[in-house]
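Residues per chain are reported as follows:
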Amino acid sequence: MKYDIKKLYEAASLDEAISLLDEHPEAKIIAGGSDVLISIRGGELAGCTLVSIYGLDDLRGVTVDEDGTIRIGSLTSFTSIARNEIIMKYLPYLGEAAASVGGPQVRNIGTIGGNTCNGVTSADTASTLLALDAIIEVKGKDGYRRIPMKNWYIKAKVVDLKPTEVQTAILIPKESYQGYFGNYYKYSARHAMDIATCGCSVNVKLSDDKKTIEDVRIAYGVAGPVPLRAGTAEAAVKGRAVNLETLELFSEKVKDDINPRTSWRASKEFRTHLMTELARRCLTESISRSGGIFQ
Amino acid sequence: MSDIQYKELNFTVNGKERSLMIDVRSSLLDVLRNELHLHSVKKGCEVGECGACTVLIDGEPYDSCIYLAIWAEGKDILTVEGLMGDDGSISDIQQAFIDEVAVQCGFCTPGLIMTAYSVLADGKRYTRDELRQKLAGNMCRCTGYHNIINAVEKTMLKRIEAAEAKNS
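For the protein sequence lines, the chains are A and B, in the order given. So for the first sequence, the working numbering puts the first residue at 15; every next one is plus one. So for the second sequence, the working numbering puts the first residue at 8; every next one is plus one.
All clues stand as given, with none of them false.
Simulated pairs of lysine-lysine, BS3-like, Cα-Cα distance not exceeding 27 Å:
hint : chain 1 : residue 1 : chain 2 : residue 2
1    : A       : K42       : B       : K82
2    : A       : K20       : B       : K14
3    : B       : K165      : B       : K141
4    : A       : K16       : B       : K23
5    : A       : K269      : A       : K225
6    : B       : K14       : A       : K16
7    : B       : K50       : A       : K21
8    : A       : K20       : B       : K50
9    : B       : K14       : A       : K42
10   : B       : K165      : B       : K131
Computed beta-carbon distance windows for the label pairs:
hint : chain 1 : residue 1 : chain 2 : residue 2 : range
11   : B       : A170      : A       : S302      : 31 to 39 Å
12   : A       : R160      : B       : E171      : 50 to 58 Å
13   : B       : I105      : A       : D36       : 54 to 62 Å
14   : A       : K252      : B       : C52       : 42 to 50 Å
15   : B       : Q102      : A       : S302      : 44 to 52 Å
16   : B       : G130      : A       : M15       : 32 to 40 Å
17   : A       : S281      : B       : E15       : 48 to 56 Å
18   : A       : G157      : B       : I167      : 48 to 56 Å
19   : B       : I167      : A       : S302      : 28 to 36 Å
20   : B       : N17       : A       : E80       : 34 to 42 Å
It should be emphasised that the hints constitute simulated quantities derived from the structure, not laboratory data. Built from N, CA and C at the ideal position, the CB exists for glycine as well.
Here chain B stands alone, though its shape is the one from the complex (with noise of 0.2 Å):
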């Protein structure tokens, strides 16, 4: 089809900056799937309601199914692959998943991980039901909310003790 729109997107995924040409009818998930390559991203039910495809856009979890890709200009894109260390080592809550066996098909949760990461990121301290409100946007179709909630619990506890003790 010759009428295709394709418009330049100018983004910065992971840390580092990326200018690609894109279909302006690309939702964001295919772009990061598609071009990109960073199959954490989970394309689940494309409707917003799962939460599978969760990256964060300026720090803060969006469905990126139904994000239009050509929004994310200038934008700072988020994705399990950017939790990498430098020495490939995984982030506190990557750790945690797995500690807490939160893991069963594993589908949800890169989705998973990236919101309780922008959850955790304010380093306060949450009830666990204030924490279930907060991770509602992501389904697990296992069911296995239980050691998930441990395991976002956990790691929120670990980094407070350890605030308090550089404090004191």
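Here chain A stands alone, though its shape is the one from the complex (with noise of 0.2 Å):
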């Protein structure tokens, strides 16, 4: 069987892709395929026109800019980035969602752009990226523009690349790493080849005695159409002690952002449950790994 394309466009370089996205608006972008590959077999994109940027060699790697932002170029594996030292020093639960990506052999083929272009939900380092306040580097016929993770989702499976645009890294400021800890926490029937009933993700940063919370992140996959913060759970804690009573409330607040659904994977009722455990269990373990001392 030969997969159904009906044009396929190999581009040596980012400006090549770039116009001849531009020449071909019709053509969809592959990169790893593992999403779209699938599509093509499944139907739903039968026929399409494809612009391979696969082997795009300079959009692989994680980088350190000379500001300390760090880089993780768009077609990185995430088998790449669950090994990367820069990702497992500073990032490491970045590099846990990573792995927890269906099993080893599509993590080889399967890039983090691939995971954050395709707009869903439940993208294992999707959210882990909006609790980190990435921002997504694109460069089309006009140039680059840079989009910060919260505006990036439009709707389910629908993102702010325009038609010309290629992504081509995403980016950590210092700001949002440097002090900070955390961790992802993927809620699925099975260990591997599975997608999230839900995931979690959380970072914290504590104040120098470690008694204090100073910042604290959390972003859900499957708690809405797109990768969803919860904010009002955020505001409530900052600047509360590390205690008990802190983490019941962190869990409590939860409730007022989300909005999961009831799919064949789990109901709305099952996924509101596991989604304010996780807040808790989340919290706890970003504040252990932040060395945090509890009240």
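Hints given; two lone chains; assemble the complex.
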């Protein structure tokens, strides 16, 4: 069986990819293909025109810019992210999220760019990136644009990527990760090759004496049509002491922010229960990784 | 159809440099099976879930069903056929699958052998749980996982033992 592809263009450079997209407005970008090829086979994208960017090695790898910003090339695979030394040192919870995707083979082909461009709420790395206030870098005909992750998602499966644009990198500014510790919890029926019933990513910055929550950020996958931050819960516990009441308040307040639905994977009620419980567990774990002292 | 797009593909398969014209719509799985007749590479789910089509690309396991063949340009591909020694002998991991009766219907075996081969390549010691995680992308519909993990674990321990004996 051949894939039902009408025409396939292989870009040899980023600029060529952009001009190919400009010449063929109907074309879809294919990066690793673990979403696109499956949609072609499933019929949703059958007969499509593709621009392959898989060969653009410049878009692979993790580096640190001069100002301390961590730059993750959009074609970096989940495997490369999970094994990367910069990620392991500064963003181990992003590594955890990358390592929870699919299985080893899928993690080798799947890219972090694809995970954020597909606009899917259950995307494992997306909630952590959202909780990190990551910035999406795209390049199009008119040059580069940088979009804060919170403005990236428009609706389910739709992101702020214009037809001639290619996502080039995901940036994590230094102030976004320095002093923060976090963790990602993927709740799924199986421990591998499964889609998250719910994903929860928390990171926290404690005061110097480790007794107060200076800042906390929490984002969910599958709490709504796109990855979602729980701003009410964050605001409620900022500046509060590290104690059980704070955990309780945090877990209670997320209910004001989340809006999960019933699907064949789980009911709204079960997801709501999971999300309040995971808020508590992820904050506890993040505090413990920060060396926090419970009062 | 006259508008079929062809492209020359140059890559290394099981140590041999190959060059052939392919339809750009082909998966790597199709090229390996249909053009190069490497029938160890099994076509299972075709959506990257079962792992039966696993081959190593530059040493890492990939589902060849969801890998466009054109992407293999310049890459080094290894399939079970490539594990055969010059004298026709089989590799230690294949022998372990036989010894541990880790094969039932056999359909998942080539994919599992290739993933296991890549896991064992680093010579590290893994727990059974870690091995399970590393082999999680390969399904065995006969559910013979216990013996499969036994085979991989025993090969790992044998190799570690041999390396230690060599160093002492």
